[in-house]
Structure formats: structure tokens, C-alpha cells
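K.L.:
Each chain, written out:
2 protein chains.
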Amino acid sequence: MSHFADRLAENIRRKRNALCVGIDPRWESLPLSIRERFGPEGIGAAYEAFGLKVLDLVANITPVVKPQAAFFEQAGVAGFTALASILTRAKELGLVTILDAKRGDIASTAAAYAEAAFGPVWNADSVTVNPYLGEDAVEPFIAAARKRDRGLFVLVRTSNKGAGLFQDLVCDGKPVYRHVADAVASWNAVRLGECGLGDVGAVVGATHPRELAELRDRMPDVWFLVPGYGAQGATVADVQAAFLGNGLGAIVNSSRGITFPFHPDDANWEAKIVEATKKAVAELSGNL
Amino acid sequence: MSHFADRLAENIRRKRNALCVGIDPRWESLPLSIRERFGPEGIGAAYEAFGLKVLDLVANITPVVKPQAAFFEQAGVAGFTALASILTRAKELGLVTILDAKRGDIASTAAAYAEAAFGPVWNADSVTVNPYLGEDAVEPFIAAARKRDRGLFVLVRTSNKGAGLFQDLVCDGKPVYRHVADAVASWNAVRLGECGLGDVGAVVGATHPRELAELRDRMPDVWFLVPGYGAQGATVADVQAAFLGNGLGAIVNSSRGITFPFHPDDANWEAKIVEATKKAVAELSGNL
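Taken in sequence, the protein lines are chains A and B.
Plus 22 on top of the position in the first sequence (first one is 1) and you've got the numbering used here.
Plus 22 on top of the position in the second sequence (first one is 1) and you've got the numbering used here.
One chain only, chain A, in its complex shape:
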């Protein structure tokens, strides 16, 4: 397998866009036809059916998908197998996968999460990681990723309203998130791919365009995973600063905006998903 950064770059160039489809299934948003087929006792199976259908609809259009582990965990053991099935199918369809699990633990415990993420359990191309516990929390993910040409995305500046409570505290002349950014830049620089980017990415919300530009400058070799576009309120203009001059460097996530652009009783929900995906791709493709 080639370097994670190069696989990502190749997929983005081939599809001519950097859209990431977030798969965040919610029972109350699912098409009625799926809810009725599986019933409230079959939430995990319903999430699987819906997620697999989304993959089929977007696989030829977009380069990356990102299932959100929380919703699958809430669906119990059937949710667990649903998440595994969606990650497997996404890889078969040639999509780069991001397991959005935001794991954060230390030493051998972090290594267990990393083995789950990259090993037979999830076999994801990459995983999101929380840096609060320090280098011991990130290093085991880096080590596990590099053994198998996988990647990770460390939370740097998140897109939520209350993100600043701790991330924006200023220490030694710069906010905490920039301390995290500097650590990510140095971890990432150890092993760059041929495209010039590395395997330790950063999650940087699109809802703070000024910070996005500032962080792009400080982390020139780092892939950005950019949430906040679409339903969360950020526009295409807001995410521009995340991209490098060559159109690479960022993956822009949209979840609800792409996977739930319909009312549950809309029989045309599949067409609506394709339409919403193509619309987002058209908006974002100016970069490539």
C-alpha cells in the first residue's frame, strides 16, 4: 500500500473534489421505508442498510467517507457490525475511510484503540484522535498507522460553538490549539508522502475562517479535515483557506447536508442524496 497522504491525494485528484461524506445515521431522520422495513428493534440493521446505500450513491462522486462511531455505538451490537460492514464496503468501493471515533487514551490503551481502528476490527484508513492527554495519547496511533500506511486526524480547533473554552486559552503568547497545531506539525513532518503531505492530519473547523488560514500557514504539510461546512453553517468561501495552492491539503466534511437532504417520507430520497452530493462537489471543485 502507498503512503496514506498519497492515497488521499490520488483519490481527490481522480474524483476532482475533496468532499468527505459524513455518515451519521439518526433513526428519526432515516427514510420511512427503511424505518418500516427494520422497525425500532432493528436500528443497527437500518443504519447498515442506509449507510451501504449512501456509499453506493456517492462512491463514484466523492473520494472520502467518515462514519461517526457514536451513532453506531448507540445502536448496540448490531450497530457495531453495521459500522464494520460500512467501513469494509467503503474500501471495496475505493473510498478512503475516516473512522470518526475521537479516541484519546494513553500507552497500551491507546495502542489497543489504534489496533482496533487499523486492524481487523475496523480496518479504517484513518481515525480521529483527541490530544488532551499529550504525546502518549497520539504516539501509539502514529506508530500503528505507520506500520500499515494509515493516517490519523488530531483534533486541533473544532467547529462547535463552545470549542474555545479550553482550546482558545492563551499560553506563552498563543492559544492552546496552536500549541496542539505545532505538535501535530512536528509529528507529521517525520514521514511525508510523495505529494508533500504527511500522515498526521488535523481537524480544523470551517466555522472560524481566520483561524483556518492561520493554521494553514503553521502546518503547511498537514492534511486538514474540515468539519462545519453545510448544515453547520460554513460556506465554500469559509473553507478556501484550508487548501494549498495545488488544491490539495484539505478534506471538507458534510454529514447531514448530504445524507439527510430529504423528509423521511420522501420516496425520492436516493435522488436527493445524489443531488446534494453533486451540488456540494460543484461548489468545492473550484479548487482542483
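A few of these clues could be false.
It does not matter which identical chain is meant; a pair holds if it fits inside one copy or across any two.
To be verified - Below, simulated DSSO-like cross-link-like pairs (lysine-lysine); rule was C-alpha separation at most 27 Å, straight line: (1) K183 <-> K169; (2) K196 <-> K183; (3) K113 <-> K300; (4) K169 <-> K301; (5) K169 <-> K75; (6) K113 <-> K169.
Don't read these hints as lab results, they were simulated from the structure.
Given chain A, work out where chain B should sit, using these hints.
P.N.:
Positioned in the frame of chain A, the structure of chain B alone reads:
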């Protein structure tokens, strides 16, 4: 059900110690007899058998258990059911349970993790939570906990060697971990139990005794979950500062030191676990 803090206090008073048994199963540390019974294809089932046996051995001695989600996740779907089975059995045995999952996400995603933790999936009494994403990451856990008289433990100052990389950065005259501590104290103060303590606890490592004392002063109503005792190097003297004058206020975790005090080929491993548990209890019971 009564307030989480009161259930914890009652269990600690009844058992006359505040020891938390961490269940962190590792294949290479399991008794040979269990490894041979299940084989390397049956890791999840082996973790379940071992965890249930540990519960039987310690249930009459200790008040609290804390399974570590990472190791169960690594064991795949059988690990998922093993974790659920261990949490269920622990409750049946009257133990207070802490799901050590260190979850950290926002809004409806955090709510999904919280519903998994406290709802039918895990039905845990409490869960560990990562604060890096701010109040939006913690609030959904607090709301879900208060609906069902459960609790949470927010990572404040962790026990690992590299914890200080971001936690110790000084902002506005105090380190990041004290900013987190002050937020925890205010979230916790909203709803105290009859014992005078609340339902938003703090994870504070025993490997930094001076900081432990400082944080105890700043969070007088907050339950501390204290890792680092035993195999990680902290002594009974180191954890004293975590306790209030009445002997409540802290839960001291030991994982490997209690659950793996034997060589895998030791036929007497069950007796060794009981012995290690009683030794830790004797060391810690001076507080009550």
C-alpha cells in the same frame, strides 16, 4: 434510584474502602487455562470469562469496578458483548460501574455516546469524558446522567508521563488543567447529593501528589477518580490528598496490580487476585 454521589458514598462506606478495580484485559497476561480454553480466535469470550471471574472474586471486597473500553473494542464484536456482559454482572453484584471510554464529541454526537453509556447498550453508572471540545462535549453527558441518576468523570490531570504537554500550559496565571478543574467544579455544583458531593467527577492522576492536593482544594464537592496507584508507581501516601476529611471524595483505581498479580501459568491465579485486592484494600482503608 438515589443520586450517583450517594450510591458511591454508600458503597464505599459499606465496603470500608474506596478501591476501584480496573478491568483491562490483555491476551498475553490472561491465565494460560483461559487462553487454552478459548484460543486466539476467542479473545472476546476469554476477556468475558476472565472479567466475570474477577467480578466474582472482588465483589464482596471492593465498591467500584472500571472496565477499559479500548481492550474490549480491540476484541471486536465478541469484545463488545463481553463488555456489556461484565457491566451487567457488576451491577447485579452491587458494584458501582465506571465505563472508561474517555469519549469526547459534541452536541447530538456526544448525546449518542451518553445514551450508549447510560442506556441499554452499556447501562453503566458512570463514564469517563474528555473535555478538549469544551462545554458542548460535557453538557450532553451531564444531561443524560441527571435523567437517570448516573455520573461522569471528566479528565482533568491525567497520570501519564506526557500529560503535561497541553494540560500544564499556563494561561491567565493557571495551567489548563486548573481551567478544566474550575469548569468541572461549577458543572458539579449544580446538583449535589446528600453526602455533599456531586455527579460530575474529575480524573486526577496520583502520580502528581502536589497537584492532587491543589485540585482537592479547588474542587471540594467533586468526586476524584484517581489512576496511577500500584503498577503505575503511586503509593498510598501519594493518594491521601485526594480524600476529604470524612474519608470520602476519592476512588483509587488499580488495574494490572490487582487483576494480573500472577504469571499466566500460575494455577493459583484466583487466590493471587483476592490477595492483591485485600492488600490494596488494607493499604487504603486507613481513610474510612
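K.L.:
Next, verify each hint and record whether it holds.
P.N.:
For each hint, the structure was consulted:
1. Taking the shortest alpha-carbon separations for K183 and K169, only the inter-copy value of 24 Å comes in at or below 27 Å, while the best intra-copy value is 36 Å.
2. Proximity of K196 to K183 under the C-alpha cut-off of 27 Å is found in both arrangements, the shortest distances being 20 Å within a copy and 24 Å between copies.
3. Taking the shortest Cα distances, K113 and K300 sit within 27 Å of each other inside one copy (21 Å), while across copies they are farther apart (50 Å).
4. For the homomeric pair K169 and K301, neither the shortest alpha-carbon distance inside one copy (37 Å) nor that between copies (41 Å) is at most 27 Å.
5. In this assembly of identical chains, K169 and K75 lie within 27 Å of each other by CA distance neither inside one copy nor across copies; the values are 32 Å within and 35 Å between.
6. For the identical chains of this complex, K113 and K169 are intra-copy neighbours only, at 18 Å inside a copy versus 40 Å across copies, given an alpha-carbon limit of 27 Å.
Checked against the numbered hints above, the structure violates hints 4, 5; every other hint is satisfied.
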